[in-house]
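S.K.: Let chain A serve as the given structure and place chain B on it in line with the hints.
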Amino acid sequence: MDLTGQKVVLHDMSLRDGMHAKAHQITLEQMVTIAKGLDDAGVPLIEVTHGDGLGGASINYGFPRHTDEEYLNAVIPQMKTAKISALLLPGIGTVDDMKMAQDCGVTTIRIATHCTEADVSQQHIQAARKRGLDTVGFLMMAHMLEPEQLLVQAKLMESYGAECVYITDSAGYLLPDGVTARVGALRQGLLPETQVGFHGHHNLGMGIANSLAAMAAGAIRIDGSAAGLGAGAGNTPLEVFVAVLDRMGADHGIDLFKLMDVAEDLVVPITDRPVRIDRDALVLGYAGVYSSFLLFAQRAGAKYGVSSRDLLVELGRRRTVGGQEDMIEDLALDMARAQKG
Amino acid sequence: MKVKAAIVGSGNIGTDLMYKALRSPLIEPVWMVGIDPESDGLARARDLGLKTTHEGVDGLLRQSEPGEIQIAFDATSAYAHADNAAKLNGVGAMMIDLTPAAIGPFCVPPVNLDAHVNSRAMNVNMVTCGGQATIPMVAAISRVQAVDYAEIIATVSSKSAGPGTRRNIDEFTRTTADGVARVGGAKKGKAIIILNPADPPLIMRDTVHCLTADTPDEEAITASVHEMIEAVREYVPGYTLKNGPVFDGRRVSIYLEVAGLGDYLPTYAGNLDIMTAAALRTGELFAERIGRGDFRPEQRSL
Chain A
1 MDLTGQKVVL
11 HDMSLRDGMH
21 AKAHQITLEQ
31 MVTIAKGLDD
41 AGVPLIEVTH
51 GDGLGGASIN
61 YGFPRHTDEE
71 YLNAVIPQMK
81 TAKISALLLP
91 GIGTVDDMKM
101 AQDCGVTTIR
111 IATHCTEADV
121 SQQHIQAARK
131 RGLDTVGFLM
141 MAHMLEPEQL
151 LVQAKLMESY
161 GAECVYITDS
171 AGYLLPDGVT
181 ARVGALRQGL
191 LPETQVGFHG
201 HHNLGMGIAN
211 SLAAMAAGAI
221 RIDGSAAGLG
231 AGAGNTPLEV
241 FVAVLDRMGA
251 DHGIDLFKLM
261 DVAEDLVVPI
271 TDRPVRIDRD
281 ALVLGYAGVY
291 SSFLLFAQRA
301 GAKYGVSSRD
311 LLVELGRRRT
321 VGGQEDMIED
331 LALDMARAQK
341 G
Chain B
1001 MKVKAAIVGS
1011 GNIGTDLMYK
1021 ALRSPLIEPV
1031 WMVGIDPESD
1041 GLARARDLGL
1051 KTTHEGVDGL
1061 LRQSEPGEIQ
1071 IAFDATSAYA
1081 HADNAAKLNG
1091 VGAMMIDLTP
1101 AAIGPFCVPP
1111 VNLDAHVNSR
1121 AMNVNMVTCG
1131 GQATIPMVAA
1141 ISRVQAVDYA
1151 EIIATVSSKS
1161 AGPGTRRNID
1171 EFTRTTADGV
1181 ARVGGAKKGK
1191 AIIILNPADP
1201 PLIMRDTVHC
1211 LTADTPDEEA
1221 ITASVHEMIE
1231 AVREYVPGYT
1241 LKNGPVFDGR
1251 RVSIYLEVAG
1261 LGDYLPTYAG
1271 NLDIMTAAAL
1281 RTGELFAERI
1291 GRGDFRPEQR
1301 SL
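Chains A and B supply the protein sequences, listed in that same order. With the working numbering applied, the first sequence covers 1 to 341. With the working numbering applied, the second sequence covers 1001 to 1302.
Only chain A is shown next, with the shape it has when bound in the complex (with noise of 0.2 Å):
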């Protein structure tokens, strides 16, 4: 594989998916600290919000510490280079938290469905292009979907305003010649100028593997958070990521020594558990199930008795989408009774 001299633009993800592995507790203080030394290191590009996005403070996936306004207002004025995008799921979040956001500063808008709804990202792709955002669409969990039918989901998002379509491997479950197919699918049949992004999660340690299929089959954008901090076994780690890049002569822009230590210095001392491939988040890779759903199965297993493996197994086998969380207790009550008989 050659990459010599590949432009990739590096997208960090600690602070918005790392939400999930911190149930959305990262104070102020540890946002703006993480925010400022990636942004010293060069990252051109790291997103801000609750961890399911713009209006994701809720029962359902929890209260965050602070609101986003207040998370985006400490971080934004703090940034030299970097630019802060938030990420929006239509039937969460709305219209009205991308004008917060962007009266805030966020200047790229990512807007998020399951891969097969593209259709309902049209109202929100197009307010976000009519305001000038950065418009990018993020279609999740696209290992449920072949290459041909993926590229039709995001013709649509394109044909809204997309500016940059994404291959979002929520559930870590993606092997690299499915990245290559999906992402190649998608640099081939959109129009040239529209640029295509892949998301990985490290589920099945294929973080940094899919990421570098992403960017042969054409992919400029790529997700990926400092320390890995990020749901399930954490997102493809940027500074392991960056380090393979400069291997093999990618046209990064990154200090990686810089982003080593923001990684080690700054994010591993605020995680709660280390962010590896246990046993839970190898079933979410293994099984297909969205990587946000680790810590309320375990939660939920805990207090009604039933292992976590199992409810996540049953979570896949339904093929439950992003955003299913309330599935979960509502399972485990199920499988509790079942197991009493």
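I should point out that these hints are in silico values taken from the structure, not numbers from a laboratory. C-beta: ideal position from N, C-alpha, C; glycine also. Just so you know, not all the hints are guaranteed correct.
Cut-off 25 Å, straight-line C-alpha distance, at most; resulting in silico cross-link-like pairs (DSS-like, lysine-lysine) [unchecked claim]:
1) A:Lys155 to B:Lys1087
2) A:Lys303 to B:Lys1087
3) A:Lys340 to A:Lys303
4) B:Lys1159 to B:Lys1051
5) A:Lys130 to A:Lys155
6) B:Lys1002 to A:Lys99
7) A:Lys340 to B:Lys1242
8) A:Lys7 to A:Lys99
Chain A residues, not near chain B, derived (Cβ > 10 Å throughout) [as the list claims (entries may be wrong)]:
9) Leu28
10) Val32
11) Glu69
12) Ile92
13) Met100
14) Cys104
15) Leu175
16) Gly253
17) Arg273
18) Arg309
19) Leu333
M.R.: For chain B alone, kept in the frame of chain A given last:
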């Protein structure tokens, strides 16, 4: 004598409503109004003996007899509703609005239908499918004790979410959240909708989470929830309490499933059924008053 009604909108909702209305002892659907001459709903209506027009409400007003329609169900779109309501109220028909337009007050039958009938409202709005499925549960808790916050999550099969819902998903979240607070009786409301493409399609699922102001009275809330479930089941037999109420500190959670009757769309589309069943229920209560001579819908402008 049954009260004569028109159904405006010949899509999934309007067509499903027609089948239910044809079984009603109180309402006779006489007109089906569409805008597409090729629509399946209009063809079915013609076959079942309804009068039809594909020229919208204007076509209806030209072709119907004066005073013929006393109740009109609007299953078009929020965009079209204001105009439809002005015209139909103008000829003395009371409107039951199944769009998210919400010009009239929100109506959730087991919670506030009696109040609307008593006030002889000329236009009531049926909130959203998620609202019809969840607001009764929020009300069941808030009638026991104060609810600071109520949140609902509606998960529907992709196949049952039509283009209108998809283009305007923010209207669903905003209108439902508003109904959860105003009709459900919570200080603050939030609504989330999830579309799931699994095949075979999943039956509509709804979760209701409430935070009560004080420690929840478990016994009273449980009794109230079960009573409300029965009240909804009178018009939506497939409305089922799957789990709960679960009590966890001040959190009260209820897990529901809503299966439809399978009149026009299959039973998984409980989200469509609960709208059409609630709208028909609303129409029937108004029809009962009209039949008794208690209520004469009058010509009035909005």
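S.K.: Are the hints correct? Go through all of them and say.
M.R.: Do the hints match the structure? See the list:
Between Lys155 (chain A) and Lys1087 (chain B) the CA atoms are separated by roughly 40 Å; this puts the pair beyond 25 Å, and the hint is violated. Annotation: proposed proximity of Lys303 (chain A) to Lys1087 (chain B) is violated, straight-line Cα distance about 57 Å (limit 25 Å). Pair hint Lys340 (chain A) plus Lys303 (chain A) holds up; C-alpha atoms about 15 Å apart against a cutoff of 25 Å. Of the supplied pair hints, the one linking Lys1159 (chain B) and Lys1051 (chain B) is violated, its CA atoms being roughly 29 Å apart against a limit of 25 Å.
At roughly 19 Å between alpha-carbon atoms, Lys130 (chain A) and Lys155 (chain A) fall within 25 Å of each other, so this suggested pair holds. Restraint check for Lys1002 (chain B) and Lys99 (chain A): the C-alpha separation of about 50 Å exceeds 25 Å, so the hint is violated. In summary, the hint linking Lys340 (chain A) to Lys1242 (chain B) is supported, as the alpha carbons are separated by about 17 Å, within the 25 Å threshold. At roughly 31 Å between alpha-carbon atoms, Lys7 (chain A) and Lys99 (chain A) are farther apart than 25 Å, so this suggested pair is violated.
Every beta carbon of chain B lies more than 10 Å from that of Leu28 (chain A), the smallest distance being close to 23 Å; the non-interface claim holds. The beta carbon of Val32 (chain A) sits about 28 Å from the closest Cβ of chain B, which is more than 10 Å, so the claim that it is off the interface holds. With a least beta-carbon separation of about 16 Å from chain B, Glu69 (chain A) lies farther than 10 Å from that chain, consistent with its non-interface assignment. Distance check for Ile92 (chain A) against chain B: the nearest CB is about 5 Å away, which does not clear 10 Å, and the non-interface claim fails.
Here Met100 (chain A) stays apart from chain B, with its beta-carbon at least about 14 Å from theirs, past the 10 Å limit. Consistency note on Cys104 (chain A): stated as away from chain B, and its beta-carbon is indeed over 10 Å from all of that chain's, at 19 Å minimum. The non-interface label for Leu175 (chain A) is consistent with chain B: the shortest C-beta to C-beta separation is roughly 22 Å, beyond 10 Å. The non-interface label for Gly253 (chain A) is consistent with chain B: the shortest C-beta to C-beta separation is roughly 37 Å, beyond 10 Å.
Against the 10 Å criterion, Arg273 (chain A) stays outside the reach of chain B, whose nearest CB is about 22 Å from its own CB. With a closest Cβ-Cβ approach of about 21 Å to chain B, Arg309 (chain A) is found to remain outside the 10 Å limit, as its non-interface label requires. The claim that Leu333 (chain A) is not at the interface with chain B is violated, since a C-beta of that chain comes within 10 Å of its own (minimum 4 Å).
Consistency note: the structure conflicts with the earlier hints numbered 1, 2, 4, 6, 8, 12 and 19.
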